[in-house]
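Trainee: These are the residues of each chain, in order.
Protein chains: 4
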Amino acid sequence: MSEFITAIESKNISLALATKLLEAAAEKGKEMGIPFSIAIVDRVGNLKAFSAMDNAPVLSLEIAQNKAFSAATYNRATHEWYDRLKDDPPLLHGLVHTERLVIFGGGYPIKINDELIGGIGVSGGHYSHDMQVCEAALEVLNELTSKAV
Amino acid sequence: MSEFITAIESKNISLALATKLLEAAAEKGKEMGIPFSIAIVDRVGNLKAFSAMDNAPVLSLEIAQNKAFSAATYNRATHEWYDRLKDDPPLLHGLVHTERLVIFGGGYPIKINDELIGGIGVSGGHYSHDMQVCEAALEVLNELTSKAV
Amino acid sequence: MSEFITAIESKNISLALATKLLEAAAEKGKEMGIPFSIAIVDRVGNLKAFSAMDNAPVLSLEIAQNKAFSAATYNRATHEWYDRLKDDPPLLHGLVHTERLVIFGGGYPIKINDELIGGIGVSGGHYSHDMQVCEAALEVLNELTSKAV
Amino acid sequence: MSEFITAIESKNISLALATKLLEAAAEKGKEMGIPFSIAIVDRVGNLKAFSAMDNAPVLSLEIAQNKAFSAATYNRATHEWYDRLKDDPPLLHGLVHTERLVIFGGGYPIKINDELIGGIGVSGGHYSHDMQVCEAALEVLNELTSKAV
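For the protein sequence lines, the chains are D, W, X and L, in the order given.
The C-terminal residue of the first sequence carries number 149 in our numbering, and the numbering is unbroken.
The C-terminal residue of the second sequence carries number 149 in our numbering, and the numbering is unbroken.
The C-terminal residue of the third sequence carries number 149 in our numbering, and the numbering is unbroken.
The C-terminal residue of the fourth sequence carries number 149 in our numbering, and the numbering is unbroken.
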């Protein structure tokens with residue numbers, strides 16, 4: 001007889017880690033000379049931590065949050081969507097209208113040992129710039145977790 | 001003299017049937033090894049019954065409901081839209097912005113004797129997966145109604 | 001030196017348990033002869049499972065979901081709010097406008113060993129009826145978890 | 001002849017200051033043993049920086065942001081509203097419905113030399129707790145600006 005499962009365990013990003021990622025992202029932004037908005041959400045897409053660098057474009061505030069939301073709630077980096085959409089016209093014309101879903105670069109799932117714990121979203125430059133900022137932040141995560149081993 | 005009609009009859013899916021369809025859909029999902037969100041709405045698109053399989057992506061919760069809503073409120077399977085839009089540019093660029101309308105697969109009207117009684121929407125995989133889950137659920141409906149004859 | 005915490009563990013209600021609670025709630029509703037809407041959400045308030053009993057009032061569909069959301073996202077039964085508001089005029093006139101917050105009975109946190117795993121919300125009768133339905137469902141949870149010991 | 005004015009100068013809170021205020025608020029929250037959501041907005045109410053302490057109630061995420069928004073966009077602490085509403089029935093019953101306006105404690109304007117530069121909002125406890133957290137954060141601002149003299 002199979003066991004009746006009442007609850008499922010999951011992990012969520014801590015504020016301590018979220019703050020470290022924000023700092024690393026803002027550091028990278030300064031280095032690039034571009035003011036970004038940077039959002040960290042937990043694994044279900046709720047806002048965990050946020051920084052708007054000074055003079056970040058107002059439009060970037062919400063896009064950054066939506067990118068982080070998109071990455072966490074489907075466990076997929078936002079830049080990975082377009083390759084899956086481009087030869088699939090119903091998705092290309094349809095999925096893009098999903099509320100809060102962003103299909104261009106700048107949103108990444110945050111994982112520990114391949115387990116989803118949150119998402120990061122960055123906006124303010126071209127999405128290729130936004131992606132560099134995310135990657136700089138996630139590099140810090142790699143360092144932290146490799147130390148932990 | 002024409003009759004004065006005061007009210008129009010309609011049929012709506014019962015909770016008993018909706019629950020059977022949810023079970024069949026979740027069964028198919030387990031078999032496929034993908035966690036889906038599954039929504040059943042009544043003929044006017046109001047939520048009747050819903051299940052989120054364990055670990056279903058958060059993004060799928062609303063898409064499943066929107067697919068069921070789309071299917072019931074226009075009496076058309078969501079995967080049938082694109083062929084009707086693709087050579088009609090005003091629709092292709094305009095209709096897709098309709099709130100809650102989904103134009104890719106995974107939403108089906110639920111009918112008895114060709115009469116609309118509700119809709120089912122599934123999300124969590126590629127829409128081709130979502131469609132398989134809907135079809136497994138509607139197969140149960142076929143069995144139930146053919147037995148009824 | 002204190003340990004750097006990267007993630008926080010939490011538990012979420014399973015679909016298996018959510019389905020059992022829906023069944024128990026609908027059973028109680030039938031016994032009372034009132035058609036209710038019954039919503040189960042996970043610990044962050046996302047919809048997990050839902051049933052609208054046949055002929056449940058349309059208005060109850062969203063209220064049930066909002067009650068479950070309210071109970072889970074503040075870890076407080078909705079009927080406990082009024083006593084805390086009634087002698088605190090700014091809250092009484094202000095808090096009630098919080099989006100999706102319900103301050104009358106019919107929403108309860110779902111807990112295992114005092115740990116929040118979700119919420120249940122019921123609407124369709126007077127809130128005193130809605131509360132009876134929730135309590136019947138939570139009785140099943142008590143039986144399941146006492147057996148588990 | 002009166003001068004033709006083409007633009008108006010304003011000051012906005014910097015990310016550096018916003019981050020300091022978040023830290024001071026979270027420090028106070030830890031001391032109190034309550035997990036709060038803390039939001040800092042700029043002078044027009046746009047999100048500047050945000051922290052959700054670990055295990056902050058989901059409901060607090062948006063309330064904190066709305067309190068900060070309310071405080072900055074009307075340049076008034078949220079706890080100051082009720083005294084102005086209570087003997088003015090049209091306002092008491094009407095104004096409270098304004099989207100995002102919070103009329104109970106936990107939101108404060110952030111000022112330098114009496115000039116509005118942003119707002120802080122805190123949610124997670126009773127509003128009297130939320131107010132203590134805001135005040136601890138604003139104390140840091142006082143220290144920073146008195147040192148600057």
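There could be a bad hint or two in this list.
Given that identical chains are not distinguished, each listed pair holds provided it fits within a single copy or across any two copies.
No farther apart than 30 angstroms at their CA atoms in a straight line, the calculated lysine-lysine pairs in the DSSO-like style are these [as the list claims (entries may be wrong)]:
1) Lys86 x Lys11
2) Lys30 x Lys20
3) Lys86 x Lys20
4) Lys11 x Lys111
5) Lys111 x Lys86
Just so you know, the hints here were simulated from the structure itself, not pulled from any lab data.
Everything numeric in this text was worked out from a predicted model, so none of it was measured.
Trainee: Decide, hint by hint, whether the structure agrees.
Mentor: Structure-based check of each hint:
1. Lys86 x Lys11: neither (33 angstroms within a copy, 38 angstroms between copies)
2. Lys30 x Lys20: both (15 angstroms within a copy, 18 angstroms between copies)
3. Lys86 x Lys20: neither (35 angstroms within a copy, 37 angstroms between copies)
4. Lys11 x Lys111: This pair counts as both: shortest intra-copy Cα distance 10 angstroms, inter-copy 18 angstroms.
5. Lys111 x Lys86: within (27 angstroms within a copy, 34 angstroms between copies)
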